[in-house]
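Heads up: the sequence shown begins at -7 in my numbering, then just goes up one per residue.
There's no promise every hint is true.
Once the Cα atoms are required to be at most 25 angstroms apart in a straight line, the calculated DSS-like pairs of lysine-lysine come out as [to be verified]:
{"id": "1", "residue 1": "126", "residue 2": "137"}
{"id": "2", "residue 1": "52", "residue 2": "137"}
{"id": "3", "residue 1": "30", "residue 2": "19"}
{"id": "4", "residue 1": "3", "residue 2": "19"}
{"id": "5", "residue 1": "137", "residue 2": "30"}
{"id": "6", "residue 1": "19", "residue 2": "137"}
{"id": "7", "residue 1": "189", "residue 2": "3"}
{"id": "8", "residue 1": "52", "residue 2": "3"}
{"id": "9", "residue 1": "52", "residue 2": "189"}
{"id": "10", "residue 1": "19", "residue 2": "-1"}
{"id": "11", "residue 1": "52", "residue 2": "19"}
{"id": "12", "residue 1": "126", "residue 2": "52"}
{"id": "13", "residue 1": "3", "residue 2": "137"}
{"id": "14", "residue 1": "-1", "residue 2": "126"}
These are computed hints drawn from the structure, not numbers from a lab.
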Amino acid sequence: MTFPPLKSPLKFYAVVSTAEWVARMVKAGADTVQLRCKTLSGEALRREIAECVAACAGSKTQLFINDHWREAIAAGAYGVHLGQEDMDTADLAAIAAAGLRLGLSTHSVDELARALSVHPSYVASGAIFPTTTKQMPTAPQGLDKLREYVRQAGSTPVVAIGGIDLGNAAQVLQTGVSSLAVVRAVTEAENPEAVVKAFQALWE
């Protein structure tokens, strides 16, 4: 089983909780955006995902839907992002057959090996630094571990996530990761659009 490659590098990756935020990130020119919506279900969730897909249509922003792979397939989303535990329950073959890209979360060498065994479009490693947005099962990984993960992943793009902001972003990029994923650095910023541009300048 192999998932399609990414159309373009993930680079700046915003993780947000509503379609409204997704649309805002698309307008700001974010390279990649993920809808991580934990509050909706049923028809409301389907509507939210459809709005995200519509917001990204015709833009260069690559959209990933967290967890809700059935709804993502139905809405014709670009990709799905799953956690380790979701690998046991999600129908990875159905996701691949629908032509969706797949991103997988990893928090250790073993989890990364498991993720790489299904040939995902990318892997995410974290949390790199302490973070308050999510209860993490593991201690912060740090930059040395991240360098090891990048080596282990080989040609599979690695997304760094967890406690990343403009103050530490350049250091994180030096590990060789292809993408920086942020939550609070955008959602709690006074000017999120300016933050997107400032992050993107790191790749130039």
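Hints, one by one, checked against the model:
{"no.": "1", "hint": "126 to 137", "verdict": "holds (20 angstroms)"}
{"no.": "2", "hint": "52 to 137", "verdict": "violated (31 angstroms)"}
{"no.": "3", "hint": "30 to 19", "verdict": "holds (23 angstroms)"}
{"no.": "4", "hint": "3 to 19", "verdict": "holds (16 angstroms)"}
{"no.": "5", "hint": "137 to 30", "verdict": "violated (29 angstroms)"}
{"no.": "6", "hint": "19 to 137", "verdict": "violated (34 angstroms)"}
{"no.": "7", "hint": "189 to 3", "verdict": "holds (12 angstroms)"}
{"no.": "8", "hint": "52 to 3", "verdict": "holds (12 angstroms)"}
{"no.": "9", "hint": "52 to 189", "verdict": "holds (15 angstroms)"}
{"no.": "10", "hint": "19 to -1", "verdict": "holds (19 angstroms)"}
{"no.": "11", "hint": "52 to 19", "verdict": "holds (10 angstroms)"}
{"no.": "12", "hint": "126 to 52", "verdict": "violated (28 angstroms)"}
{"no.": "13", "hint": "3 to 137", "verdict": "holds (20 angstroms)"}
{"no.": "14", "hint": "-1 to 126", "verdict": "violated (29 angstroms)"}
The structure fails to meet hints 2, 5, 6, 12 and 14 from the earlier list, while all remaining hints are met.
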